[in-house]
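Can you build the whole structure from these sequences, using the hints too?
Line by line, the protein sequences are chains A, B and C. Just so we're on the same page, the working numbering is the position in the first sequence counted from 1, plus 4. Just so we're on the same page, the working numbering is the position in the second sequence counted from 1, plus 573. Just so we're on the same page, the working numbering is the position in the third sequence counted from 1, plus 848.
Have a look at the derived ranges for each label pair, beta carbon to beta carbon:
#1 B:Thr731 x A:Leu116: 40 to 48 Å
#2 C:Arg1063 x B:Ala1000: 37 to 45 Å
#3 C:Arg1063 x A:Tyr69: 38 to 46 Å
Which stretches of chain A does chain C cover? Using the computed rule of at least three CB atoms under 8 Å from a CB of chain C, they are:
#4 13-19
#5 134-147
#6 151-158
#7 256-267
#8 273-287
Stretch by stretch, here's where chain A covers chain C in the computed footprint (C-beta under 8 Å, at least three residues):
#9 997-1009
#10 1075-1084
#11 1107-1114
#12 1126-1134
Note that these hints are calculated values from the structure, not bench results. Where a beta carbon is used, it is the ideal one built from N, C-alpha and C, also for glycine.
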Amino acid sequence: MLAMLLRRVLLGLITVVLVSLIIFAGVEMLPGDACTAFLEREAQGQLLENCRIDLGLNQPAFLRYLDWASGALTGDFGLSANGHKTISEMVGYRLRNTLLLASCAMLTGVPLALFLGIVAGLWRDRSPDLVVSTLAIMAMTIPEFVSATLLILIFSVWLGWVPGIVLTSASAPVSEFFPAIFLPIMVLAMVMTAHILRTVRSSVIEVMASDYAQMATLKGVPYWRVVFGHVLPNALLPTINVVALTIAWLLGGVVVIETVFNYPGLGRMMIDSISDRDLPVTQAIALIIATVYVGVNLTADMATMLANPRLRTLHTRKR
Amino acid sequence: MEKPLMSSASLSAALIDIRDLSIGFTGRNGQTLPVLRNINLQVRAGESLGLVGESGSGKSTLALAAMGYLKRGLRVLGGHVQFDGTELFGLPRQKLEKIRGGRLALIPQNSGQSLTPSLRIGAQLAEALRLHSNLPAAAHPARIQALLTHVRLPDPQTIVLRYPHELSGGQQQRVAIAMALAGEPEALLLDEPTTGLDVTTQAHILELLRDLARETGMAMVYVSHDLGAIARVCDRVVVMYAGEIAMVGSTRQVLRDPGHPYARGLLASIPKLADARLPVALDGRPPAPGGAGEGCAFVPRCVIAQEICQTNRPMLEETPNGDLVRCHRPSLARTLPIRAESDAAPRGEIGDADALVLDRMAISYARPGLFDGLLRKRAGGALPATVDDITLTLRQGETLGLVGESGSGKSTILKSIAGLLAPVGGAIQFGDGAALPGLVDGRTPDQLRKIQLIFQNPDESLNPRQTVAEILAQPLGLYFGLKGQALLERSAELLERVRLGAHYLDRLPNQLSGGEKQRVAIARAFAAQPDLVLCDEVTSALDVSVQAAVLDLLDALRRDQGTTYIFVSHDLAVVRALSDRVAVLYQGRLCEVGPAAAVYGAPSHPYTEVLLGAVLEPDPDTAPTLSADDVIELAPPAQGCAFQRRCPRKLGGVCDTDTPPWRVDRATGHAIRCHIDRSAL
Amino acid sequence: MRDAAPTSPVARAVVLRKNPFAGFLGVLRDIIRRPSGAVGVALVTTHVVLALISPMIAPFDYRAINSFSMLTGPGPEHWLGTDHLGRDTLSRTLLGGREALLVTGIATPLAVLWGGFVGIFFGLVGGRLDEVLMRLVDAFLSLPWILKMLVLIVTFGTGLGVLIPTLAFFYGIPVIRIARAATHDVVARDFVQAARARGHGRMTIIVRELLPNVRDALLVEGAMRWSWMLLAFSSLSFLGFGVSPPTPDWGLMIADARGFMSFAPWGVLAPVIALSSLIIGINLTADALAKALGIDRAQKAPV
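In structure tokens form, the structure reads like this:
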């Protein structure tokens, strides 16, 4: 058990190191560097040389990677290419804002998904299931910027209930984000719910058809007790991982949403940094997002291990 | 409406009363296909009834219907199911829940999957008590302990804290029995409760069930394909065929002199421990649901079928012998043999040349992963090899039977000979004395061709996406470069050899029955014109009647081609029917090797004795001898005799520390590996 | 009806092998028999056909700027109104999916092919190389798609020569995982063991034993990848990193018309409906395909 957990953590760490290598190598391969971006048209001759020496760009890539990676470990991502501000300072509030958005979406989406997924699974192929499943397909397939646009059109333009875009600055206190944050949460929650509920549904259907659910029924256990006592604890286990994957997806989806709603989060900052060719910032954001992704998946794997008696106990028998 | 099975006087005593019950499902084209047809069956209080039939005969559906339960997709087409006068179909859910698991309990097939994986054993038993007993909650723990002790589970205090996956198959089955007993049922339905368990475990469970029935006076309905198990537990037997009751009689009648040709054919197809001859095959297969015609459902397979059988469906009628038989000609049926009639099995010629020599072969499954080395360093020394010290010699044309319980390493040895798993020690010599490289990659095309492997389950061993023609084309193309017309002709010829015919060439595996699939797998192996064929439990996924036909085919092929076989099986009677010599395996170590007659006779290794004693024969007058408990071991001991922990004749310390010596009878070559001398075994 | 087929079973077996479309047609029939599948196939077909013939049927030139009729509502001349430059919305909507369908239509099969092959190969071979590859796949997957795409696009431009290989590369990576998992399931089965024991080479085992059994999973995966790719493509356009104006594209049209949607909602609604119906169509088809092939698509993770 402990060995399994350790192994999993080790794999996660290796993945993060690999990601950092990929990010670093990817940026290395791109034409131009921080200096060409910063100096723009003046990037030539002595000026360029000096800048490179200034930023340490004249050192071999391997050393620069070590320097960057060790800095990142302590939360120091260096300076941004333009403006000479520290990246950690720029990223801090943005990360908080994105996490705020993501966690609100999760708090709405996950319970809703569980409820709808269980309903659809128990009423398989009957009208509640058909309605839920059809809506789920729509919610998960329509691009986020499309549903965001439609929601703005309906709730902001036509009904005028909530603001369509966020006008708050990145460093504003959390309370100022409401109610403008309502629509972006809705869009994110919708897509999340759709993905998760589909897994919940098929998992519930599978477990309802299992031998032990049948046995519980034949033992005389009342229907709802079969559902809550025997089926759901086993059916919901695999959804932990899907929730994690959905959160990971959220990190990509949030980029578009933040742009649509002008939300001052990490995603929009990423787009801006790419447009501005601010490579140090891009690198930093990429590494942060990748680490969160790996961390969330790792947590989910461990949660599954801890929640599943089959994996938790050592006395597992081989067939 | 057919005649009920009992006179009306005793009707009131029937606990379970099934009247004219038909159950079916809607087929692809919208027509109704019956799974059960007009079943009439009464079970009295305290009675023990066996329900026997091959897969697809509807026996499990009938057992579940007796609880008022239908699997998804099935529906009642007509008839009644009553429990103690209460109609079960249509009963309000709450009342049904009160009966199920209470007065009427089920012991399922495969308890491993029938126990909820997320709940501890104690919680599952407590739930049964809460639902079906009047005991106050405070008395539950004591009652649970009593129940677990009652089903002879050791150490009940820790068992309640365990999860289902932490128990062995036998223990899970005992928990299921305890759970059924929690409601103090009046009737117990058992759906293949010992299928899939090892022989020793099976024998222990059956003895437990027998004792329970005697103590509590419960009625039992015991569903099984295994007449041996039925013989041990039941007073009365119902034989099912194609969704109908083919016959009903006392256990003695049905097993000794049944009046239905199907029951007789079934008996004849069962291999027997004391009989070295091949069982008689019952050819053909039962009709699919809805496939039975106007007449008797058994007609296509019946050797005494007459015109009336084609046109008129026979009734279930009482014969002068006292059994009820659904046959137009029961007296004629009684002339059919119920066991092999030939004097002795004609065996193939055994040559003098060695076909295969295994020299102290050892195999280990442990394969370190990328990080395992890092993490496992602290775990201590290496585990003993899964299979160790296997020394065997096979001569040309000989059949060696390899027997042992699950986990004994039988299949592992075959995989290693086939080159799928490299041995970690010892050597394999094949044919002319050249050493055989451990893995497929190192072997010559000729060596590969000459060794062929047939797997247990043809559903797994045949690619579902390939037609029979494509399946056979693989070896024919690889080894002989056959193409086009020559390929097709050779394929057709091979199919004839396995008694299938060329019209099977364009079929996909899922269009074939289990027996037909296994024949295709056999044809594929013989397409290579092999010298050595490795048979890995080739009949255990098949029904008995089909098994006999496959055994017969394997026998014919080896006589034709002089092929050498290694025949692996957990079924000692099947091994006896086919093997010249037998090797007994425990925990990956050989216990006993010798001519079949010597191994099955005395003297025996203590483990062989335990195995032979636990075999259930389809004979009401035999009883198993249970000389060792049925604990399942996970790993072989580090030193000493492999059987030390379970041995009923253990001498003491020497068994724990010293590897026992081989005790060989020079005349026959019969060898036993034990610290006890031959004369004392 | 196969009445005309040769009657000898031997010959018939050969004939059967020569018609690989028989299975395909059967699956298609199975898809269409399901209501959602029928709707899905109809939507996808309509879009593909429209993309092919739209240059011929579009009523206006998509570039024709008309400063006298900007943001007009739907009317007899401009059925769906005009955009902020006075261009005909109907024409632009009709033409707006061509680029997306072309790019994703080429990139999807490429992604499935390369990802599928790599996944099957390493699933069969296993060992350390396989473990290293999986870590690499994990690492790639942990970066958001939009970041990976944007970096390349910003650097190399948005020509088809960049978009197609980029999409094919990044969308092939998750396919590796699916193909590898499916292969693992198949490799453990006895018929692959049997082929190994007979001594077949790796390529033979991949082509004859693995591919036919992994094919279904890859097909469903391909349909899914297609819809994700369309989503990515139009998102990029929407963000201004995709198709460059004046080429009509739904994502771009939605981005352009968003600013005016309070008084000219048709400009947004037309491309929204076009894009949504295509993606929903693909997903309904993929769902029906998965059901027809007996695969549970809902278990798949949205990566």
